[in-house]
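K.L.:
What follows is the residue order along each chain.
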Amino acid sequence: MNGLDQIFVGTGHWIAGLFPVYVQPLISAALEIAIMMAVFGGCFALTSVVERKLLGRMQNRYGPNRVGPFGLLQPLADGIKMLTKEDIVPFSADKTVHFLAPLALSVPIWLAFAVLPFGRNMSAIDLDAGILFFFAIGSASELAVFMAGWSSQNKYSLVGAMRAIAQMISYEVPLVLSTVPVLMLAGSLSLNEIVAAQGTYTLGGLARWNVFTPWGLAGLLLFLIAATAESNRSPFDLPEGESEIIAGFLTEYSGFKYALFFLSEYLGLFAITGLAVTLFLGGWHAPFRWLEWVPSWLWFAGKFCALIFLFVWIRATLPRLRLDQLLNFSWRFLVPLSLINILVAVAWYWSGSWKSPVALPVRWVLCAALVALPYHWLAQSLRGTLPPPRKYTYAE
Amino acid sequence: MDGAGIIKGMIETARNFAGSYHDEARLTTVQYPEEKLAPVENARTIPFLVYDGAEALPGLRCTACMICEKECPPQCIYIVKDTVKKPDFVGKMQMQPKVFDIDISVCMSCGICVEVCPFDAIKMDQVFELSTGDRFGGLLLNKTQLAKPNDYFNKLHKTEAAEIDLRRVEEKQKAEAAAAAKAAAPAKPPMAPPPAP
Amino acid sequence: MATASPTELAASAPPSQIMEVAMGPQHPSTHGVFRMDVSLDGETVVKLKPVFGYLHRNHEKIAEKCSYLGSIPYTDRLDYICSLTNNWAYAMTVEKLAGLVPPERAEYIRVILSELTRLINHSALAGFLLQDMGALGTPLMYAFREREKILDLFESLTGARMMCNYMRFGGCRCDLPPGWIEQVRRLVSDFPKFLDEFEALLTGNEILQARTEGVGVLPAPLAVNAGVTGPMLRASGVNYDIRKVDQYGVYGRFQFRVPLGERGDVFDRYMIRILEMRESLKILEQALRDIPGGPIMDPKAKLRNLRPKAGEAYGRIEGPKGELGFYLISDGGPNPYRYRVRPPSLINLTVLEDMCLGQTIADVVVILGSIDIVLGEVDR
Numbered sequence: 001m002n003g004l005d006q007i008f009v010g011t012g013h014w015i016a017g018l019f020p021v022y023v024q025p026l027i028s029a030a031l032e033i034a035i036m037m038a039v040f041g042g043c044f045a046l047t048s049v050v051e052r053k054l055l056g057r058m059q060n061r062y063g064p065n066r067v068g069p070f071g072l073l074q075p076l077a078d079g080i081k082m083l084t085k086e087d088i089v090p091f092s093a094d095k096t097v098h099f100l101a102p103l104a105l106s107v108p109i110w111l112a113f114a115v116l117p118f119g120r121n122m123s124a125i126d127l128d129a130g131i132l133f134f135f136a137i138g139s140a141s142e143l144a145v146f147m148a149g150w151s152s153q154n155k156y157s158l159v160g161a162m163r164a165i166a167q168m169i170s171y172e173v174p175l176v177l178s179t180v181p182v183l184m185l186a187g188s189l190s191l192n193e194i195v196a197a198q199g200t201y202t203l204g205g206l207a208r209w210n211v212f213t214p215w216g217l218a219g220l221l222l223f224l225i226a227a228t229a230e231s232n233r234s235p236f237d238l239p240e241g242e243s244e245i246i247a248g249f250l251t252e253y254s255g256f257k258y259a260l261f262f263l264s265e266y267l268g269l270f271a272i273t274g275l276a277v278t279l280f281l282g283g284w285h286a287p288f289r290w291l292e293w294v295p296s297w298l299w300f301a302g303k304f305c306a307l308i309f310l311f312v313w314i315r316a317t318l319p320r321l322r323l324d325q326l327l328n329f330s331w332r333f334l335v336p337l338s339l340i341n342i343l344v345a346v347a348w349y350w351s352g353s354w355k356s357p358v359a360l361p362v363r364w365v366l367c368a369a370l371v372a373l374p375y376h377w378l379a380q381s382l383r384g385t386l387p388p389p390r391k392y393t394y395a396e
Numbered sequence: 001m002d003g004a005g006i007i008k009g010m011i012e013t014a015r016n017f018a019g020s021y022h023d024e025a026r027l028t029t030v031q032y033p034e035e036k037l038a039p040v041e042n043a044r045t046i047p048f049l050v051y052d053g054a055e056a057l058p059g060l061r062c063t064a065c066m067i068c069e070k071e072c073p074p075q076c077i078y079i080v081k082d083t084v085k086k087p088d089f090v091g092k093m094q095m096q097p098k099v100f101d102i103d104i105s106v107c108m109s110c111g112i113c114v115e116v117c118p119f120d121a122i123k124m125d126q127v128f129e130l131s132t133g134d135r136f137g138g139l140l141l142n143k144t145q146l147a148k149p150n151d152y153f154n155k156l157h158k159t160e161a162a163e164i165d166l167r168r169v170e171e172k173q174k175a176e177a178a179a180a181a182k183a184a185a186p187a188k189p190p191m192a193p194p195p196a197p
Numbered sequence: 001m002a003t004a005s006p007t008e009l010a011a012s013a014p015p016s017q018i019m020e021v022a023m024g025p026q027h028p029s030t031h032g033v034f035r036m037d038v039s040l041d042g043e044t045v046v047k048l049k050p051v052f053g054y055l056h057r058n059h060e061k062i063a064e065k066c067s068y069l070g071s072i073p074y075t076d077r078l079d080y081i082c083s084l085t086n087n088w089a090y091a092m093t094v095e096k097l098a099g100l101v102p103p104e105r106a107e108y109i110r111v112i113l114s115e116l117t118r119l120i121n122h123s124a125l126a127g128f129l130l131q132d133m134g135a136l137g138t139p140l141m142y143a144f145r146e147r148e149k150i151l152d153l154f155e156s157l158t159g160a161r162m163m164c165n166y167m168r169f170g171g172c173r174c175d176l177p178p179g180w181i182e183q184v185r186r187l188v189s190d191f192p193k194f195l196d197e198f199e200a201l202l203t204g205n206e207i208l209q210a211r212t213e214g215v216g217v218l219p220a221p222l223a224v225n226a227g228v229t230g231p232m233l234r235a236s237g238v239n240y241d242i243r244k245v246d247q248y249g250v251y252g253r254f255q256f257r258v259p260l261g262e263r264g265d266v267f268d269r270y271m272i273r274i275l276e277m278r279e280s281l282k283i284l285e286q287a288l289r290d291i292p293g294g295p296i297m298d299p300k301a302k303l304r305n306l307r308p309k310a311g312e313a314y315g316r317i318e319g320p321k322g323e324l325g326f327y328l329i330s331d332g333g334p335n336p337y338r339y340r341v342r343p344p345s346l347i348n349l350t351v352l353e354d355m356c357l358g359q360t361i362a363d364v365v366v367i368l369g370s371i372d373i374v375l376g377e378v379d380r
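Protein chains in written order, with this note's numbering: chain V, 1 to 396; chain P, 1 to 197; chain U, 1 to 380.
Among these hints, one or two may not hold up.
[As the list claims (entries may be wrong)] Straight-line C-alpha distance at most 27 Å; calculated DSS-like pairs for lysine-lysine:
#	chain 1	residue 1	chain 2	residue 2
1	U	K193	V	K53
2	P	K36	V	K53
3	U	K309	P	K70
4	U	K65	P	K70
5	P	K70	U	K61
6	U	K244	U	K282
7	U	K282	P	K81
8	U	K149	P	K155
9	V	K53	P	K85
10	U	K300	P	K70
11	U	K244	V	K53
12	P	K70	U	K49
13	U	K149	P	K158
14	P	K8	U	K309
15	U	K149	P	K36
16	U	K302	P	K70
17	U	K193	V	K155
I should point out that these hints are in silico values taken from the structure, not numbers from a laboratory.
Please build the complete structure, drawing on both the sequences and the hints.
P.N.:
Below you can see the structure in the form of structure tokens.
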């Protein structure tokens with residue numbers, strides 16, 4: 001089914017072929033940008049309503065179901081509402097910075113989509129240091145959060161922005177560290193090469209996705225936890241969902257700028273999810289050799305949707321962490337664990353040269369123990385010296 | 001195991017999610033106004049005045065005894081007695097109200113007026129779609145708006161209405177029997193004058 | 001850090017560093033219109049002043065003008081989540097004043113309704129506490145799903161879901177409709193399954209434990225001195241349950257245990273309420289088994305124009321939030337001379353500052369949630 005797999009690439013080439021040779025790169029780039037913005041913009045709209053419906057179903061109720069069939073036109077109604085709201089800028093606010101903050105947040109995140117491979121031959125730019133570009137761009141967007149908090153000239157916004165920055169910086173470290181084993185074992189920083197390294201099959205047709213190894217599984221979990229924190233989602237949504245001190249750095253924003261902040265938050269989530277799929281879940285590869293006929297972009301979309309479902313599921317279940325607990329969790333649990341994960345990946349690689357029929361289970365047990373024991377010790381240290389478990393006495 | 005509590009919680013949420021597609025207990029929304037809950041017999045929202053027969057005002061059971069106005073906690077009932085009397089269901093002449101207003105924006109649906117009424121004249125209705133655009137008098141219901149027939153009362157509160165109807169039929173029969181006995185009794189002889197002191 | 005006084009804590013931080021935050025009357029987490037003026041040193045609370053009165057509705061003054069019967073609907077609206085227990089406390093006080101004795105069946109009905117009220121209150125509290133902690137409404141929805149079943153039961157008996165107005169002086173307003181007892185039995189047998197699901201969702205949850213353990217500790221001597229009652233007191237380890245102490249109504253006939261906590265922090269208060277729900281189910285089973293037939297009103301009771309003899313009476317019950325008491329002084333007329341409510345929420349709220357000192361601002365909301373206040377009762 002090569003035709004269906006390459007349908008977007010083929011169409012893109014055909015359209016670019018209608019133009020003279022010297023503008024073809026420009027047209028091709030413009031086309032890619034337009035398609036990506038349309039797809040991910042639409043994805044944002046769909047996710048906002050699907051998330052509400054999923055949350056509703058988990059809470060024994062329907063989500064929005066009045067606007068359009070199954071409520072799917074709800075984002076249209078929300079968009080119209082946001083656009084028609086009055087754009088209030090506080091009198092004492094720094095107007096330029098206040099205006100630029102939402103833009104400074106969304107532009108880097110759009111850029112991050114450029115390096116993700118959505119299917120075979122379907123990444124917009126094939127950089128040799130793709131992942132480095134991705135992380136650099138992701139960190140650049142954090143400045144915008146502080147711009148928003150500072151320019152509002154509101155002490156609560158400032159406090160909220162500082163807490164948001166502290167959270168995002170603390171979780172950058174485990175985010176990057178958890179991807180280091182992948183880079184080491186793939187031997188490259190380019191995302192296309194990392195996906196290609198997961199494309200071989202073993203054990204009668206099972207793909208060599210990184211998640212099917214102990215260090216890959218641990219790495220994926222660490223990456224997903226750090227990704228939840230980076231996108232300010234529950235249970236790490238202290239900066240924005242806080243019912244304690246107002247709405248944090250978003251307090252002074254209304255109307256379209258507010259919508260732009262939320263767009264950027266969701267786009268950031270999509271970008272990080274795309275990266276997780278690329279690094280750990282085999283990108284656009286099929287899980288089994290006999291499923292290779294399904295188009296690659298469909299596999300990518302499926303894994304992407306599964307991870308988004310996981311994020312919504314976590315959001316529905318868990319209460320929020322307090323700021324100091326959040327930071328403790330990052331520095332005292334995730335960072336050591338991700339460093340140990342690197343050692344486990346090394347152990348897996350070295351033991352890959354064993355030639356024995358029981359090699360695979362033994363390697364699994366060994367590497368899993370190498371991860372599980374520190375996990376247990378770190379978890380105990382995080383909970384501190386716990387008092388003995390509670391007993392509830394009863395009086396007659 | 002550390003982290004087991006979170007996993008258990010997520011299993012619980014997933015169970016609710018999956019259950020909401022096939023199990024009615026896991027999706028309890030009633031999509032008003034397309035679906036409505038069945039009315040409950042005892043439910044109460046605002047009062048209404050019961051009338052017997054076909055015509056509202058002559059058939060009203062209310063005798064303007066003013067007890068409900070006195071006992072109403074937020075004092076939302078306003079009654080003015082009429083000078084003209086009318087016969088009730090046993091034929092006795094009773095007073096009637098000229099004005100009987102209830103301000104349902106003040107009414108707190110307590111049902112005390114129903115409990116204290118000696119004539120089963122005021123009962124609790126179950127309507128709740130009472131919004132009106134008229135800010136100034138839309139929620140002040142007068143006698144005509146409050147009067148509803150006994151059949152409506154039977155439909156709303158079946159058991160209570162059945163008991164009351166039975167009782168009224170018995171009382172009417174007793175009153176008729178007493179009247180018949182009085183008409184059929186021979187005239188009493190005039191009493192002898194008392195002996196002179 | 002709960003032993004340092006506000007002045008000591010405030011003095012230890014330079015005055016320019018203290019930030020005053022008014023967690024204002026409109027707030028998603030303050031359970032009603034309630035304001036807290038919090039002084040923060042960084043993230044730590046150094047002073048907390050609760051400001052209430054935004055819901056004051058002159059309840060006690062209205063009662064002086066209304067007759068005794070007319071006050072009953074107003075007592076529904078005191079603690080609007082638990083209207084039937086409010087009714088019972090008031091009816092008990094007037095019965096003490098007027099010398100009325102409700103018959104057996106009425107007492108059993110009162111116990112059943114009161115324990116059902118305890119179930120709905122504690123479910124609502126567990127849901128709201130988790131909502132304040134940011135669990136986005138999932139436990140709240142599950143708790144309210146169960147609450148709806150009990151409210152439907154109330155509607156089929158009393159006519160209204162929340163403002164029940166059911167107890168009368170000397171008994172109850174109307175008898176149980178046919179099939180009601182069966183519905184309650186079915187609910188009681190299904191409820192433990194919901195409690196197990198709820199506990200599976202929450203009690204082992206590490207994030208919940210991290211947010212609530214060691215937070216807002218209320219030491220037992222302070223609790224007793226401040227007059228705190230109800231689950232808050234029992235979570236601090238003090239064995240005081242008015243159902244066992246006074247044995248009002250027919251509570252003396254039921255076998256049930258009183259759960260006591262150890263440490264008096266937020267987790268203990270949450271757990272005590274879950275355990276109390278289980279004990280309430282036991283009481284309900286016994287009451288449903290033993291309820292006799294018979295009249296539901298004292299034959300001496302008058303509905304209208306009740307004029308108790310001059311005197312005073314204090315009637316108290318173990319409401320879901322604590323000791324709800326009514327103090328009535330009668331001068332022989334149709335209205336009370338003085339009508340005073342002892343609101344458990346207000347008395348429990350007086351220790352809010354002591355529990356919050358030294359905690360972070362994020363914990364203040366959680367601690368307030370665990371006290372379980374309803375502004376209708378605090379402000380009357």
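K.L.:
For every hint, state whether the structure bears it out.
P.N.:
Results for each hint:
Using a Cα cut-off of 27 Å, the hinted pair K193 of chain U and K53 of chain V holds, with the two alpha carbons roughly 26 Å apart. Annotation: proposed proximity of K36 of chain P to K53 of chain V holds, straight-line Cα distance about 22 Å (limit 27 Å). For the proposed pair K309 of chain U and K70 of chain P, the alpha carbon gap of about 22 Å is at most 27 Å, so the pair holds. Pair hint K65 of chain U plus K70 of chain P holds up; C-alpha atoms about 12 Å apart against a cutoff of 27 Å.
At roughly 18 Å between alpha-carbon atoms, K70 of chain P and K61 of chain U fall within 27 Å of each other, so this suggested pair holds. Between K244 of chain U and K282 of chain U the alpha-carbon distance is near 15 Å, which keeps this suggested pair within the 27 Å criterion. The straight-line distance between the Cα atoms of K282 of chain U and K81 of chain P is roughly 55 Å, outside the 27 Å bound, and the hint therefore fails. Taken as a hint, the K149 of chain U and K155 of chain P pair is honoured in the structure, with Cα atoms around 25 Å apart against an allowance of 27 Å.
With a CA separation close to 63 Å, the supplied pair K53 of chain V and K85 of chain P exceeds the 27 Å bound. For the hint pairing K300 of chain U with K70 of chain P, the CA-to-CA distance comes to about 22 Å; that is within 27 Å, so the pair holds. For the given pair, K244 of chain U sits about 47 Å from K53 of chain V by alpha-carbon distance, which is inconsistent with the 27 Å threshold. About 43 Å separates the Cα atoms of K70 of chain P and K49 of chain U, which puts this hinted pair outside 27 Å; it is violated.
The suggested pairing of K149 of chain U with K158 of chain P holds, with an alpha-carbon distance near 23 Å, which does not exceed 27 Å. Distance restraint check for K8 of chain P and K309 of chain U: the Cα-Cα separation of roughly 60 Å exceeds the 27 Å cut-off, and the hinted pair is therefore not satisfied. Distance restraint check for K149 of chain U and K36 of chain P: the Cα-Cα separation of roughly 16 Å lies within the 27 Å cut-off, and the hinted pair is therefore satisfied. For the hint linking K302 of chain U to K70 of chain P, the alpha-carbon distance of about 16 Å falls within 27 Å, and the restraint holds.
For the hint linking K193 of chain U to K155 of chain V, the alpha-carbon distance of about 47 Å lies beyond 27 Å, and the restraint is violated.
The structure is inconsistent with the numbered hints 7, 9, 11, 12, 14 and 17, although it conforms to all the rest.
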